[in-house]
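**Student:** Sequence:
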Amino acid sequence: MTIELQRPVGDPIVIDDLERLSFRVDRRAYTDDDLAAQEMTRIFDRCWLYVGHDSEVPGPGSYVARDVGGRPVVMARGSDGVIRVFANSCTHRGALICSQPAGQARSFRCPYHDWTFSNQGDLVGVPIPDGYGPGFRKADFGLAQHRSDSYRGFVFATFDPEQPRTLTEYLAGATEYLDLIDDQSEVGMEVIQGAQLHGARANWKLMMENSVDIYHFRALHKRYVSYMESLGSVPPRRRGGFGRALGLGHGANELPPAAARPLAYWTPMFGAEVRPRIEATAARFVDRFGAERAERITGTNRALLIFPNLMIIDAIAITIRKIDPVGAGQMAITSVALAPKDEDPDIRELRKSHYLTFLGPAGFATPDDIEIVESCQRGYLNRTVRYSDLSRGMDKEVPETTDELPAREFWRQWDRLMHGDDGHLEVAHRAEMQGAEPR
1 MTIELQRPVG DPIVIDDLER LSFRVDRRAY TDDDLAAQEM TRIFDRCWLY VGHDSEVPGP
61 GSYVARDVGG RPVVMARGSD GVIRVFANSC THRGALICSQ PAGQARSFRC PYHDWTFSNQ
121 GDLVGVPIPD GYGPGFRKAD FGLAQHRSDS YRGFVFATFD PEQPRTLTEY LAGATEYLDL
181 IDDQSEVGME VIQGAQLHGA RANWKLMMEN SVDIYHFRAL HKRYVSYMES LGSVPPRRRG
241 GFGRALGLGH GANELPPAAA RPLAYWTPMF GAEVRPRIEA TAARFVDRFG AERAERITGT
301 NRALLIFPNL MIIDAIAITI RKIDPVGAGQ MAITSVALAP KDEDPDIREL RKSHYLTFLG
361 PAGFATPDDI EIVESCQRGY LNRTVRYSDL SRGMDKEVPE TTDELPAREF WRQWDRLMHG
421 DDGHLEVAHR AEMQGAEPR
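Letter by letter, the sequence shown follows residues 1 to 439 of the UniProt record's numbering.
These are computed hints drawn from the structure, not numbers from a lab.
Glycine residues also receive a C-beta, built at the ideal position from the N, C-alpha and C atoms.
Some hints could be false.
The calculated label-pair distances, taken between Cβ atoms and stated as ranges, are [to be verified]: (1) Lys341 <-> Leu381: 18 to 26 Å; (2) Glu176 <-> Asp122: 33 to 41 Å; (3) Val385 <-> Ala280: 51 to 59 Å; (4) Gly420 <-> Gly142: 30 to 38 Å; (5) Gly327 <-> Gly142: 30 to 38 Å; (6) Gly103 <-> Gly142: 18 to 26 Å.
Work out the full structure: start from the sequences and follow the hints.
**Tutor:** Okay, here's the thing in structure tokens:
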């Protein structure tokens, strides 16, 4: 099956050949400025995009301001308790109405002419109002509000007024994994205060691929493998887990823990003093969910890709990563840590320490990943080798940990949307929803 983009350059970008068990991506997808511009209109302007977690706006008046899909937005919990996502742009002349990354406010004031908006988006103040004619109505100039919704605390918005799917429909099989994450606390999960803002001189899709690629772990992260072994942990092997395609571009990996988990898998790297509590927590989850589901929640690592640009890695800590394109050759990464609200303080400190040690931008793993995707981007400049290969595991009925099935699911949805297809789940893709290759 060869698919061609409907664009002036008619050569195929994604070559998905099920008969020959071959999956290739033209490296122009990582380097072409025109394609990068088309991604913004055909993907980021159409999909549901992650904005933040509801714990980031815990009470009335709280807000965060950030870029989503290349657009500045404000996620605010109004005085009525409702979370809304607004365009961070004054309806008068367009200036940002919120310049701080987070805070508490009953209203937002535009610094240009002092137009003032309530935290529910209504225009409530206009200086010298008699300068406008009788037809001027403040009700016509409220902040533009984007369609938004949340699932298990994860807040998404879409800029497409004709987006046909509800958020739950859009998330497809990814809801199963968000459930596994949010079920880690009876009282709710929360984003730990503080974010890591960094980036890479590489195309954003390279980091999406990398984040669901288990095949590279032992080769690329040798320093961390040695560190884990020195602490008595067993790094991930080539076998033992599986990858899944979850539909509509979403994918995941599950595998046995390579190290301790704050909730709730003990190894010597966490120290003997916390072992009884961690094991008692694991036992409580068995009582609450039964042995099989409790094992998936507390004793399994997972990496979840939500198309197009959200990664959630649940291992020695939980990180939420929003990976934004900055043209064809750069990306911006925002990372935060997620944790149970009712976590013991010393366990929280262990979580934060190991989050930074492995998942942080200066940790063992992330610098390796940044360096390698930048190396790929530089290698593409040669242009002699035209395609990257993502065929690993296409010959298997049951996907394995090191297979590239989640990345193929990402690229299949990328290809559908770049052709203008809204990505309806067809019969050929129902097998992918069960974690198999379409046949």
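**Student:** Now, for every hint given, state plainly whether the structure supports it.
**Tutor:** Comparing the hints with the structure gives:
1. Lys341 <-> Leu381: 18 to 26 Å: At roughly 47 Å between Cβ atoms, leucine 381 and lysine 341 fall outside 18 to 26 Å, so the hint is violated.
2. Glu176 <-> Asp122: 33 to 41 Å: Hint holds: Cβ distance 39 Å, inside 33 to 41 Å.
3. Val385 <-> Ala280: 51 to 59 Å: 54 Å Cβ-Cβ, so the 51 to 59 Å window holds.
4. Gly420 <-> Gly142: 30 to 38 Å: At roughly 32 Å between Cβ atoms, glycine 142 and glycine 420 fall inside 30 to 38 Å, so the hint holds.
5. Gly327 <-> Gly142: 30 to 38 Å: holds, 33 Å
6. Gly103 <-> Gly142: 18 to 26 Å: holds, 21 Å
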